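Please construct the entire structure, taking both the sequences and the accompanying hints into account.
Read top to bottom, the protein sequences are chains V and A.
Going by the numbering used here, the first sequence opens with residue 1, and the numbers climb by one from there.
Going by the numbering used here, the second sequence opens with residue 1, and the numbers climb by one from there.
Simulated from the structure, these hints should not be mistaken for laboratory data.
A portion of the hints provided could be inaccurate.
Unchecked claim - Below, simulated SDA-like cross-link-like pairs (lysine to any residue); rule was C-alpha separation at most 25 Å, straight line:
#1 V:K356 - A:A25
#2 V:K126 - A:A311
#3 A:K356 - V:S14
#4 V:K245 - V:K126
#5 V:K125 - V:Q137
#6 A:K126 - V:S258
#7 A:K356 - V:A198
#8 V:K106 - V:T80
#9 V:K125 - A:V262
#10 A:K316 - A:K356
#11 V:K113 - V:N78
#12 V:K356 - A:K113
#13 A:K356 - V:P206
#14 V:K356 - A:K316
Please read these numbers as outputs of a predicted model, since none were measured by experiment.
Number of protein chains: 2
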Amino acid sequence: MSIQKKQNDMSTNSALQAAYPWTKAPLLASAPMLNIATAPLAVAVSAAGGLGFLAGGFDISSMEGNLEEAVQLIKGSNSTIREVYATSNILPIGVGFLNWGADLLKAIAAIEKYRPCAAWLFGPKKLPDDLRPWVEQIRAVTGGETKIWIQVGTVAEAVVVAESLDPDVLVLQGSDAGGHGLAQSASIITLVPEVNDALGARQLNPISLIAAGGIVDGRGLAASLALGASGAVMGTRFLASSEAKVARGYQEEVLRASDGGVSTARSTVYDRVRGILSWPSRYDGRGVVNQSYVDAVERGMGDEENRALYAEELKKGDAGWGPNARLTTYAGTGVGLVTEVIPAAEIVANVIEEAKNAFAWSC
Amino acid sequence: MSIQKKQNDMSTNSALQAAYPWTKAPLLASAPMLNIATAPLAVAVSAAGGLGFLAGGFDISSMEGNLEEAVQLIKGSNSTIREVYATSNILPIGVGFLNWGADLLKAIAAIEKYRPCAAWLFGPKKLPDDLRPWVEQIRAVTGGETKIWIQVGTVAEAVVVAESLDPDVLVLQGSDAGGHGLAQSASIITLVPEVNDALGARQLNPISLIAAGGIVDGRGLAASLALGASGAVMGTRFLASSEAKVARGYQEEVLRASDGGVSTARSTVYDRVRGILSWPSRYDGRGVVNQSYVDAVERGMGDEENRALYAEELKKGDAGWGPNARLTTYAGTGVGLVTEVIPAAEIVANVIEEAKNAFAWSC
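Written out as structure tokens, the structure reads:
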């Protein structure tokens, strides 16, 4: 058996620790969830020793305002991130982009001005070509201080990105993830080790691997490390944080749903009912099964009718979410492990502590 | 956060160790792969300190012959399993059944005669009712010496089986698994912890959890333990063992395929082309994408034509396997991590050693 040297050894952990000196080990990041991961969540995660991401999304018009809010929150924080920011002039949160839609010029201007510690690139129309100007210009305007995170979902994508773009971090997203991802992929159980071996066999520069998809507590984080990742990203878990900018109806649906392998499903219907039609065709999104899904997939309802019903449902507000309702609850298969809304700082502290305990029994 | 006590603590590990005293920790089993897991593979796995399973399948007419062969192999073995068998009269291998087809009377007679250390039940038409006579009669004829393993794929299945049938072991099969499984499920990343919490919350008797689906090396085994399992089952990895009864063409396809999230797919087409039509409708099977799959799923070819082409392909022998050929290569998403054919004993020793190393860095 030719298992490559694990990425979670000292060298790559040190690389992440050096870039993000306020973070605790193992590295835990919050995903840049569109419309949900705003400044309060991102800053709370970083302040607690994680790495918070702000959602830039595909229409980045609100990004500069969010970054400005983050700066103010960081300046008023009691955490070490305040000193990190004051002394390094690197913003101790990252920003995520949906590259099939995000405007490069505006993004670069904001990155140059605010210097986020990471730029997470995902979903270009063409991989890797469309990301090349992003990688080059981000590195140019911050002298490499803004680390390049690129999200992929297959071994082939990981290899082509590593060879063409030499990112600092590869986010390896498995099939359990909520929200958008590749319609076809393995879970991180096989994706992370196979990518690790594939990169090792090609003797590429060390790239930190961060696992995403199905990680909601310390057991998932510990498993990610065992598989060879240097850390993990959580999305679904932070939907039920006090700081998430999420409707009460959405959050309650996250708390309600369990057994996510059957209560969630991958589909493009959640985009179609909202008129979001520009995702490249290789992607879909995992959400809690609801009436839009049942009508479209099980009953063959056309998009026009389904969209009209969705528009009506919007008027119901929080009551528009639920298994028999129509508003979208993007969530991963780990949704059943999320049972309470607590502050992001508690989530970060608990998960890191649990991860350590998950390993401790073997020592 | 209300994470339940991990199942891989001393009590449940001790239960498995007591039942299977020849096994090394962490417990590693080989899956009862239909037509492939015959006596030489099952005995080799147990002789190396794992737990080997023989495939009983849905037509168990060859099972008694396989058990007899296993007895002879065990009697001639140099491993401690020879003494275990001589002193306990428990056969140190397990037997797997596909319960939608397997004949209860014949199975019980064989179990009473050969006393395998485990009976792995999977795929009844009706869960849990159809398994109740199996559980009761197996326990009756061996005085509980044949431990009951029941394979499930959702939290709901795990809870109903635990409450109704009180098995010794729940095999939790995630979406990455090769061969048959639920058409809809999460990977073990979320399935194992959520089942663990659900059983704990119901204060059921301790049931050992064994993870299955995507585990092909020590990293996967270590991840399984971190998630709360007491051990793991591997199928795909043992397809490339010297002892697997598998066609050379099949085995070469397992070695060739990589990036299993996209090179394998879940479908019922692999059954339909072979005229196997009796699986309950909630199941399908994951196999390497081939011409049967492409024709059926992407080109809309009818089953009759696809079956006729399959029948023709059979005449080609080993050349009938491959991405442009038609014979079925059931395999999990971890297929890309399988790169060489080695003896089962080496697989067992390597994987257990690697799992220990995957944890060691944290100590």
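Verification of the hints:
Restraint check for K356 (chain V) and A25 (chain A): the C-alpha separation of about 21 Å stays at or below 25 Å, so the hint holds. With a C-alpha separation of about 40 Å, the suggested pair K126 (chain V) and A311 (chain A) falls outside the 25 Å cut-off, and the hint is violated. A distance of roughly 23 Å separates the Cα atoms of K356 (chain A) and S14 (chain V); the hinted pair therefore holds under the 25 Å criterion. At most 25 Å may separate the alpha-carbon atoms for a hinted pair to count; K245 (chain V) and K126 (chain V) exceed this at roughly 31 Å.
For the hint pairing K125 (chain V) with Q137 (chain V), the CA-to-CA distance comes to about 18 Å; that is within 25 Å, so the pair holds. Of the supplied pair hints, the one linking K126 (chain A) and S258 (chain V) holds, its CA atoms being roughly 22 Å apart against a limit of 25 Å. Proposed proximity of K356 (chain A) and A198 (chain V) is supported: the alpha carbons are some 22 Å apart, at most 25 Å. Restraint check for K106 (chain V) and T80 (chain V): not satisfied, since their Cα atoms lie roughly 30 Å apart, outside the 25 Å limit.
Pair hint K125 (chain V) plus V262 (chain A) holds up; C-alpha atoms about 19 Å apart against a cutoff of 25 Å. Restraint check for K316 (chain A) and K356 (chain A): the C-alpha separation of about 44 Å exceeds 25 Å, so the hint is violated. Of the pairs offered as hints, the one joining K113 (chain V) and N78 (chain V) holds, with about 24 Å between alpha carbons and a cut-off of 25 Å not exceeded. Between K356 (chain V) and K113 (chain A), the direct Cα distance comes to roughly 47 Å. Violation of the 25 Å bound is thereby established for this hinted pair.
Taken as a hint, the K356 (chain A) and P206 (chain V) pair is honoured in the structure, with Cα atoms around 24 Å apart against an allowance of 25 Å. Restraint check for K356 (chain V) and K316 (chain A): the C-alpha separation of about 53 Å exceeds 25 Å, so the hint is violated.
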